[in-house]
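Peer 1: This is what each chain is made of:
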Amino acid sequence: MTREFEFERPIVELEKRLKDLQALSEDGQIDLSREIQAIADKIALMKAEIFKSLEPWQYAQIARHIDRPSTLDYLKILCGDSFVELHGDRLFGDDAAMVAGFGRIGPHAVAVIGHQKGHDTDENLFRNFGMPHPEGYRKAMRVMRLAERFKKPIVIFIDTPGAFPGIGAEERGQSEAIARNLADMSRLGVPILCFVIGEGGSGGALAVGIGDRVFMLEYSIYSVISAEGCAAILWKDASRAKDAARALRLRATDLLEFGIIDQILPEPVGGAHRDPAATAATIRATILEHLAALLPLSADELLARRYAKFRAMGRYKVQDDAEIPA
Amino acid sequence: MGWFDRFTGGRKPPDPSDLWKKCPKCSEILLQKDLERNLFLCGKCDHHLRMPVWDRIALLTDDNSFLEIDQEMESVDALGFVDSAPYPERLQKAIQATDSFEAVTCGEAHLEGLPILLAVMNFEFMGGSMGSVVGEKVTRLIERGLEKRHPVICVSASGGARMQEGIFSLMQMAKTSAAIARLNAAAVPYISILTDPTTGGVSASFASLGDVNIAEPDALIGFAGPRVIEQTIRQKLPDGFQKSEFLLQHGMVDMVVHRRHLKTTLGRLLHLWA
Ligand SMILES: [Zn+2]
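Those protein sequence lines, which keep their order, are chains U and D. According to this note's numbering, the residues represented by the first sequence are 1 to 326, in order. According to this note's numbering, the residues represented by the second sequence are 1001 to 1274, in order.
Watch out, some of these pointers could steer you wrong.
Claimed, not checked - Derived lysine to aspartate or glutamate pairs resembling EDC-like cross-links, with alpha carbons at most 16 Å apart:
| no. | chain 1 | residue 1 | chain 2 | residue 2 |
| --- | --- | --- | --- | --- |
| 1 | D | Lys1263 | D | Asp1062 |
| 2 | U | Lys317 | D | Asp1083 |
| 3 | U | Lys19 | U | Asp41 |
| 4 | U | Lys317 | D | Asp1077 |
| 5 | U | Lys236 | D | Asp1083 |
| 6 | U | Lys317 | D | Glu1074 |
| 7 | U | Lys42 | U | Asp67 |
| 8 | U | Lys242 | D | Asp1083 |
| 9 | D | Lys1243 | U | Glu171 |
| 10 | U | Lys16 | U | Glu4 |
| 11 | D | Lys1033 | D | Asp1062 |
Stated by the list, open to error - The calculated label-pair distances, taken between Cβ atoms and stated as ranges, are:
| no. | chain 1 | residue 1 | chain 2 | residue 2 | range |
| --- | --- | --- | --- | --- | --- |
| 12 | D | Ala1097 | U | Asp120 | 44 to 52 Å |
| 13 | D | Arg1227 | U | Arg3 | 25 to 33 Å |
| 14 | D | Arg1227 | U | Glu35 | 55 to 63 Å |
What the hints contain is simulated information worked out from the structure, not anything from laboratory work. All C-beta atoms in this analysis are idealised placements derived from N, C-alpha and C, irrespective of residue type, glycine included.
Could you put the whole structure together from the sequences, leaning on the hints where they help?
Peer 2: Here it is in structure tokens:
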């Protein structure tokens, strides 16, 4: 049973009534088909209405839903048995918060990288809630370099609250690990497709986010800091996270408007966890379409375009000139 | 009003509270004029206090060689960001308080006779936070270094990305790091000098990517701030955690250099590579 959100309660109640009526009509002689149809219509309408007018904070809740499909969930659907997971950064250890390997998606053999969260407490403790240490970023980079050597495109799933803030992470150079990925990914001579599937949490997300194309699922978020973190610093009150979520403009629609991402991928009504297979099908189609466009490009052309893409990000003005919408 | 009217170039007349500072290490009362004469080092315990941008430029460059570039670039409120105060108001306050338009000052200069490109961050300007302007100015400086094949030196002092510019701030990490990757590929030297404090998005981008990373003594340098770490792991951090010497010990910086020896150290390196 899928865990529901506060704002989904009215839907859940109607769904309960619908079930009761269906049970009644099955064992009774009364014909309830019209009532059942009416309630089913009402549910569909209500769902559409509720999910159309969600607040940014509610997007953040959906993006972090414990049942939301994770990297491995998508890989299972997209690559099936062809996925070979690789482990370790060859320097310190293996980070379960980041998965990496190779697999087949449609006709393409690809490298796949992604943050990995869990679906329950045990899994989340093992996966460190999807918050990598430096060895996670270094493992990702190692596998991306293999991809470059074997001329395989790279598909990346982004889903993290952020890079882990801890003693070991600092000792082993969290900053350097992230910075190095940003620099090195900008020079990898194979196509890179990035999908924000849940939480795009700050530098910990961007560290595997330098793609030729960057896509966001409809209810995913991507921001410079978490809404709670932002509220704690700027409002000095973590309970103002709703206000911070609004101010940060962290929804896919915001990022598309700002020119930071290339496209929004629609999700089933209610979110990706309501129908992971349908969401995976959308991702798959997007991968095939964009690899077809990128694979013919030379490495030099790819790098030039990738550099120009990120080079243009930023808004500022010079003297009293109009704002430069780069 | 053009930038020249608003930007006086020199130091503003001191107000009385500017006349002295307390050493954050030993609590000694230090007169501003003594600090200026003594490279902002504590006269009693030699602690490295934060150094104002123009003093830093004077410290590192040959006399009268610094020529500022992109001075007139200003931030905009792309998100319409309001927390307890609107972002444009915060910007205006910072501009007036610091006599500069942004948290980084960039220019061409000479260091021991060698042409260099220099960026110096200003922690007094909104915590040295990196928004679009800081990212753009640093990137332009690096690109100029690439074009002229002159070494690039960045002096960092920053709490990280500027929240008020949201995702645009985050993307400056990508932009600056990609520019450095081009410098690396072209074998043009890039030296990062990390001063107190360098954390967050600046630490996790251009400040950690030096061919050589040099830290000033006892500077706070790290990805996450100490408070965030303590809250996350629910334990006290050991003494000296995330300080320059800790980074040296863990292999993250090449050396910890006293402010008095910074310029000669840079000169020796750059002459070896020239
Ligand atoms: Zn002192």
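Peer 1: Are the hints correct? Go through all of them and say.
Peer 2: Hints, verified against the model:
1. A distance of roughly 10 Å separates the Cα atoms of D/Lys1263 and D/Asp1062; the hinted pair therefore holds under the 16 Å criterion.
2. A distance of roughly 22 Å separates the Cα atoms of U/Lys317 and D/Asp1083; the hinted pair therefore is violated under the 16 Å criterion.
3. Distance hint between U/Lys19 and U/Asp41 is fulfilled; the C-alpha atoms sit about 14 Å from each other, no more than 16 Å.
4. Under the criterion of a C-alpha separation no larger than 16 Å, the hint pairing U/Lys317 with D/Asp1077 is consistent with the structure, at around 10 Å.
5. With a C-alpha separation of about 10 Å, the suggested pairing of U/Lys236 with D/Asp1083 holds against the 16 Å cut-off.
6. In summary, the hint linking U/Lys317 to D/Glu1074 is supported, as the alpha carbons are separated by about 5 Å, within the 16 Å threshold.
7. About 25 Å separates the Cα atoms of U/Lys42 and U/Asp67, which puts this hinted pair outside 16 Å; it is violated.
8. Distance hint between U/Lys242 and D/Asp1083 is fulfilled; the C-alpha atoms sit about 12 Å from each other, no more than 16 Å.
9. Restraint check: the Cα-Cα separation between D/Lys1243 and U/Glu171 comes to about 11 Å, which is no more than 16 Å; the hinted pair holds.
10. Restraint check for U/Lys16 and U/Glu4: the C-alpha separation of about 13 Å stays at or below 16 Å, so the hint holds.
11. Straight-line distance between C-alpha atoms of D/Lys1033 and D/Asp1062 comes to about 22 Å, which puts the hinted pair past the 16 Å bound.
12. Distance hint check: the CB atoms of D/Ala1097 and U/Asp120 are about 50 Å apart, consistent with the given range 44 to 52 Å.
13. Hint check: D/Arg1227 to U/Arg3, Cβ distance near 32 Å, so the stated range 25 to 33 Å holds.
14. The supplied range of 55 to 63 Å is met by D/Arg1227 and U/Glu35, whose beta-carbon atoms lie about 57 Å from each other.
Hint violations for this structure: numbers 2, 7 and 11, all remaining hints satisfied.
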